[in-house]
Amino acid sequence: MPYTKTCWRRATLVLVLVALLLVPAAPALAKTEIQFWHAMTGQLNDAVNALVKQFNESQTEYEVKPLQKGNYSETLTAAIAAYRQRQAPHIVQVFEVGTQTMMLSGAVLPVYQLMKEQEIVVDWKDFIAPVVGYYSKDGNLYSMPFNSSTPILYYNKDAFQKAGLDPSKPPQTWKQVEEYSKKLRSSGATKCGFSTGWPSWVQLENMLALHDQPFATKHNGFDGLDAQLLINGELGVKHMAQLAAWQKEGIFSYGGRRGDADPKFLSGECGMYMQSSALIGGFTKGAAFKWGTGQLPSYGAPYKRATSIIGGATLWVMKGKPAAENRGTARFLKFISDTNQQMWWHVTTGYLAISNSAVKNLEAGYHFKKNPDQYTAFAQLTKGTATPNSQGIRLGNFTQIRDVIEAEMENIFAGKKTAKQGLDDAVAKSNELLKEFAAANKQ
Amino acid sequence: MSRTVFRSRWLPYGLVAPQMAVTVLFFFWPALKSLQLSLYRVSPFGDRSTFVGLDNFTKLLADPDYYASVVNSFVFAGGVTVLAVLGALILAGLATQKIRGLTIYRTLLLWPYGIAPAVAGIIFLFIFHPAYGILPYFLSFVTSYEFNWLLKGWVAMTLVIVATAWTHLGYNIAFYIAGLLAIPTSVIEAADVDGAGPIRRFTAVVFPLVSPITFYLVVLNMVFAFFESFGVIDAVTKGGPGQATEIMVYKLYKDGFIGLNLGSSGAQSVILMAMVITLTVLQFRFAEKKVTYR
Amino acid sequence: MSAVNTTQLEGVQARAAAAPRRRLPSGSLLVHALLIACIAVVAFPLYFAFVVSTQDLQEVVQRPPRLLPSTHLLENYVEAWRKADMGVMLLNSAMMAVTVAVGKIAISMLSAFAVVYFTFRGRTLCFWMIFVTLMLPVPVRLMSTYEVVGTLGWLNSYQGLTVPLMASATATFLFRQFYLTIPNEMAEAAQLDGAGPLRFLFQFLLPLSWANIAALFVVLFIFGWNQYLWPLLITNSDAMRTVVIGLEKLIPRSGTDLPTWNLIMAGAMLALLPPVGIIVFMQRWFVKGLVESEK
Chain W
1 MPYTKTCWRR
11 ATLVLVLVAL
21 LLVPAAPALA
31 KTEIQFWHAM
41 TGQLNDAVNA
51 LVKQFNESQT
61 EYEVKPLQKG
71 NYSETLTAAI
81 AAYRQRQAPH
91 IVQVFEVGTQ
101 TMMLSGAVLP
111 VYQLMKEQEI
121 VVDWKDFIAP
131 VVGYYSKDGN
141 LYSMPFNSST
151 PILYYNKDAF
161 QKAGLDPSKP
171 PQTWKQVEEY
181 SKKLRSSGAT
191 KCGFSTGWPS
201 WVQLENMLAL
211 HDQPFATKHN
221 GFDGLDAQLL
231 INGELGVKHM
241 AQLAAWQKEG
251 IFSYGGRRGD
261 ADPKFLSGEC
271 GMYMQSSALI
281 GGFTKGAAFK
291 WGTGQLPSYG
301 APYKRATSII
311 GGATLWVMKG
321 KPAAENRGTA
331 RFLKFISDTN
341 QQMWWHVTTG
351 YLAISNSAVK
361 NLEAGYHFKK
371 NPDQYTAFAQ
381 LTKGTATPNS
391 QGIRLGNFTQ
401 IRDVIEAEME
411 NIFAGKKTAK
421 QGLDDAVAKS
431 NELLKEFAAA
441 NKQ
Chain F
444 MSRTVFRSRW
454 LPYGLVAPQM
464 AVTVLFFFWP
474 ALKSLQLSLY
484 RVSPFGDRST
494 FVGLDNFTKL
504 LADPDYYASV
514 VNSFVFAGGV
524 TVLAVLGALI
534 LAGLATQKIR
544 GLTIYRTLLL
554 WPYGIAPAVA
564 GIIFLFIFHP
574 AYGILPYFLS
584 FVTSYEFNWL
594 LKGWVAMTLV
604 IVATAWTHLG
614 YNIAFYIAGL
624 LAIPTSVIEA
634 ADVDGAGPIR
644 RFTAVVFPLV
654 SPITFYLVVL
664 NMVFAFFESF
674 GVIDAVTKGG
684 PGQATEIMVY
694 KLYKDGFIGL
704 NLGSSGAQSV
714 ILMAMVITLT
724 VLQFRFAEKK
734 VTYR
Chain Y
738 MSAVNTTQLE
748 GVQARAAAAP
758 RRRLPSGSLL
768 VHALLIACIA
778 VVAFPLYFAF
788 VVSTQDLQEV
798 VQRPPRLLPS
808 THLLENYVEA
818 WRKADMGVML
828 LNSAMMAVTV
838 AVGKIAISML
848 SAFAVVYFTF
858 RGRTLCFWMI
868 FVTLMLPVPV
878 RLMSTYEVVG
888 TLGWLNSYQG
898 LTVPLMASAT
908 ATFLFRQFYL
918 TIPNEMAEAA
928 QLDGAGPLRF
938 LFQFLLPLSW
948 ANIAALFVVL
958 FIFGWNQYLW
968 PLLITNSDAM
978 RTVVIGLEKL
988 IPRSGTDLPT
998 WNLIMAGAML
1008 ALLPPVGIIV
1018 FMQRWFVKGL
1028 VESEK
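Residue numbers (the working numbering), protein chains in the order written: chain W, 1 to 443; chain F, 444 to 737; chain Y, 738 to 1032.
Bear in mind the hints are in silico, worked out from the structure with no lab data behind them.
Everything numeric in this text was worked out from a predicted model, so none of it was measured.
Take these hints with a grain of salt, some might be off.
[Said to hold, decoys possible] Some chain F residues near chain Y, calculated using beta-carbon distances under 7 Å:
hint: 1; residue: Gln462
hint: 2; residue: Gly522
hint: 3; residue: Leu526
hint: 4; residue: Ile558
hint: 5; residue: Gly674
From the three backbone atoms N, C-alpha and C, an ideal C-beta is built for every residue, glycine too.
Isolated chain W (complex conformation) (with noise of 0.2 Å):
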């Protein structure tokens, strides 16, 4: 059938006219959305979601869509290959190890410079010392503190009370874990002492900031990037090897990388465990058994004590997005790090309120007094003494260095290396990803 040219025009003026038609409904449904990328599962994926919808319910210019990606590896991954398809999304949340991979990747934008750009006032100073330290550069935050934890030592009241020890006495040194270990276990409340999760950020990393051992050279890798790991020095011989000793007992009874040991502790298999102090809540709802939570341990004299090391993600604002939804983005940042959404997110999580006017009002409420366990963590970040050893660890190619180390210790454990040996080894190893990473960053 042939197309003749009033049957064209025809079709022309419908579609027009369709067209008019639309467009004036087009502004009245669109709300400008930000895409809002993370990797929390479970009932912090929940908890997100609830922040998130305080957000979008709080006003009516921005809908924020937030997205679980995966574990943070993945979703790290999946932004960077998104931003290489000019398709990112405005905010990632990226764990701690991949802070310098995002500092120096010119694909961020640096989170005092959006609020400058938007105007928006954000008392910086207010947020805790450790947390600002870990992720500012020259005196400026270039992520947004998100979820904030570090590593505390979780303990089984009941078990502790089978074995004729103290339950609300957690042990504070190495010496008292082993003491307290061999209670344990030839009273037959546990089958071992301790386990411990994610191997190196527990216990090289902060059993080293927490005795103010370097991890790395050049300040733990602040001030530039020809750093080089010092892991294998003294303490951190003395300790692997000591761990070693210990899983050949039983005291010690490693459970694998990550959060894989958990069921160690939840099962009463081992009556104490290290872990982040984000799994507060977890264990609250899944735990069977009275528990209580304490300081890490550490080995006294000759090392002073100082205070353990920030873990956990930040929110990343990515490059190359107009202001109009910039301005969304940062108005969501600073919904998020006011002082009653700190409240909320700390209550319903766990994670730390990073602000000190959230923790003075938490302890106001005498949130604390009734939850002792949720202020160890706080404590034994704020209340040590700060010294440049613990101020945090900045390193390029983290996340496969910390593979390497855990491979190694996972070595160590099993017999297969002595301690100086495997650390020799790691330090190499983590040496070489450095200056790979130097020479790809050249600036």
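Chains F and Y: place on chain W using the hints.
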């Protein structure tokens, strides 16, 4: 043999176009890109890329972890192949004896092939679990040795080998049954006449006759275990403990996707490509000799 | 490739023809026993997984482990379904498996037809290009295929999930092999009848190929359903996840729930039932498809 062909100018091009399109887009272009990537050092976000020549390759070849992954790959592939092919031969041999119920037995042995290696891995992960697993539990009655795959590399390797071989058994059995059934019974009976017992009958007569199948299956199983077994490693051990189960494909993925080192990942792809090509060429040249079109 | 070594076979056959016939001794009871024992061993992991999927958490961690099914089947499966959003994942897996199978069969059939029944410039080139794809399994072109798919804007989409899996050459070779066995006379007759090539393909070749197609479909469906690496990379939203990947996500790696192995096993059963079911019911086609799809 001269075939009848159709005459058409554009039709054949149209017919091969879809396959060609997919082939070029998803095979050749990525393969060339891998080659290109392997010669560069790229920053994770892609904004900086420097030409480094063969640097990525020399780094790999000097890295003991890379050699460990090569060894692991061969150990894994070898273990799976031996277990799956030998087991299949024995089971197929049994099933094709003069007994009833061949189809039933074949079904009962075939179905694990439908299980994804990753899923099989998860099931075996549970069976081998140091705390909940049924296998360490029963073994603890026999020996006090702790079969903890989280610490003992060889236990972890055994776990993934057994899981993968389990899924592949059925596939091999299907081939062997077909091959064994193709041997005329007169041949078996002749061996019998010679006074050979069932075992000798097997080793002296049957086994040589199915050697082409054996060869084919060995290559196929090796290639499969080498290149397609990412699933079981990622779902179960993630390369651990230490690097005991880190096979080449897993290292490629880890360095590229988690470590964001695209240059090294590309170089590893190129090396793997060379290996596959060699293997396939070898296999085809050997097999082509026996191809007959009736 | 012939199934057995022909020269050896002929030699033995000659000797066999010369020998008197004799009945084989019946050790059949022993054979049956051995087979059943082996099958029991092979089936045990699955049986055990099933048993665990019917228990509750207390029974899972009990020592000694219970080997008989318990009573919590329904609640476990419902909980696993709900927790991991199994419905969506099973749908994704089914879509992927069917699309890959059908797509692969379709394009392979067309190109095999072209290669066999036409002479055209570049035929040999096409043939070799297709052949080379046998040598490029997914891991070898992993990062760059990911980039290509990203450039096409197909990340986290059904197209990105299925199309890159479609073009390896095994199916093409199978069709080519099959077409080469079709007698010349058929094509000649069709041409005399005045049928064009497409009519020949759809009216003559296709009906003859159903057996092959069915066999291929079964093999490819299982191949598609059980994919792990590619879906892991390409999909990163819950809505697109396939069941094999989703199962791995059920294993808590950094959570505060006790790993609920009974739910994980229930999930595993749900993940493996469709492909295993297909093998069991379409066994004949499956074996045919396997045995004939030799490279």
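Here's how the hints hold up against the structure:
Residue-level restraint check for Gln462 of chain F holds (minimum Cβ-Cβ distance to chain Y is 4 Å; threshold 7 Å). The interface hint given for Gly522 of chain F is broken, as the beta carbon of that residue sits about 17 Å from the closest beta carbon of chain Y, more than 7 Å. The closest approach between the C-beta of Leu526 of chain F and any C-beta of chain Y is roughly 12 Å, which is over the 7 Å cut-off, so the hint fails. Interface restraint check for Ile558 of chain F: the shortest CB-CB distance to chain Y comes to about 5 Å, inside 7 Å, so the restraint holds.
Interface hint status for Gly674 of chain F: upheld, as the beta-carbon distance to the closest one in chain Y is roughly 3 Å, under 7 Å.
The structure fails to meet hints 2 and 3 from the earlier list, while all remaining hints are met.
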